[in-house]
Every structure is written in C-alpha cells, then in structure tokens.
Amino acid sequence: MARTLLHRYWDIPEGTECHRKAYASTSISGAVGLITSAYSVALNPPSSFLEGVARTGRYTFTAAAIGAVFGITSCVSAQVREKPNDPLNYFIGGCAGGLTLGARTHSYGIGAAACAYMGMMAALVKMGQLEGWKVFAEPKV
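Numbering-wise (my numbering), the sequence shown opens with residue 48 and increments by one.
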C-alpha cells in the first residue's frame, strides 16, 4: 500500500496538476498519521473511548494537514519559480509543513525547528531521487 501511495505521488510531473499532487501527499501523510495514532492508542491506552477517538483524530488530521500544505506549496513553488525539478521547491514545501506543525502546537520554536528539519529532509529526498541514491540495497539472488 505504501508503495502504491508513493508511486501515485512520484508519477505526477513536478509543477503540474497541483490538486492531484496535494491529494496524494495528503493521503500519504494521513496514512502515516493514522499508523502513528494507532501506536499511540495501543501503547498508551486512553481512559475513555472518546479520548481515544480524539487522539486518533488529532494525529491523523494534523499529519494530513502537514502533507496537504507540503504538496500544494512545493507544487506552486515549482510553478512560480519555473524550475520543476529543483530541490529548493521541496525545501520550501517541507518548511511550510513544519510551520503548519508549529501552528498546530502553538509553538514558535517547534515551528522553526520543524521548518528547518522537514525542509532539509524533503530537499534531501528530492536530491536522492534526482541522483538515483539507493537507500536499501537490491537483494542478490
């Protein structure tokens, strides 16, 4: 499933069809948020059913919002700058996602740190994709 979601995102050309790119990044990050909330509820059981639902929604919707902001910002940045395969677009998108996390937590410090870290991570992922970096070695059969 994760591979299908990632292919849906990477198959859309950079700087085009921003609505599809935002939808794909929202679904990827929403799935990550749902998995994170499942671990949170399983490892730290809530005292009531409603608390569990609230925690699940908080993690899932926060992650989905970060993904949506990342997808739309990186795509619009590619269109405005007219440089579709530039890692700076991904840095800008990651930084915007980090600022969204800071707004959600009501913390300037978390927003600034998340902006830097998420922007750097997104730019490194794009550089790796452009240069063909391998994270996991192919199995030798």
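The set of hints was computed from the structure by calculation and includes no laboratory data. These figures come from a predicted structure and were not determined experimentally. Ideal Cβ placement from N, Cα and C applies to all residues, glycine included. One should not assume that every hint holds.
As the list claims (entries may be wrong) - The following label-pair restraints were derived from C-beta to C-beta distances: (1) Arg102 with Val127: 23 to 31 angstroms; (2) Pro60 with Pro92: 41 to 49 angstroms; (3) Pro186 with Val127: 40 to 48 angstroms; (4) Glu129 with Ser94: 52 to 60 angstroms; (5) Asp58 with Ala163: 49 to 57 angstroms; (6) Pro131 with Arg102: 34 to 42 angstroms; (7) Arg128 with Arg102: 45 to 53 angstroms; (8) Glu64 with His153: 27 to 35 angstroms.
Results for each hint:
1. Arg102 with Val127: 23 to 31 angstroms: Violated: the Cβ-Cβ distance is about 37 angstroms, outside 23 to 31 angstroms.
2. Pro60 with Pro92: 41 to 49 angstroms: Taking Cβ atoms as reference, Pro60 and Pro92 lie about 45 angstroms apart, which means the hint holds.
3. Pro186 with Val127: 40 to 48 angstroms: 42 angstroms, holds
4. Glu129 with Ser94: 52 to 60 angstroms: 53 angstroms, holds
5. Asp58 with Ala163: 49 to 57 angstroms: Once the Cβ atoms are compared, 29 angstroms apart, the range 49 to 57 angstroms for Ala163 and Asp58 is violated.
6. Pro131 with Arg102: 34 to 42 angstroms: Because 38 angstroms falls inside the window, the suggested range holds.
7. Arg128 with Arg102: 45 to 53 angstroms: 39 angstroms, violated
8. Glu64 with His153: 27 to 35 angstroms: Roughly 34 angstroms apart at Cβ, these two residues keep to the hinted range, so it holds.
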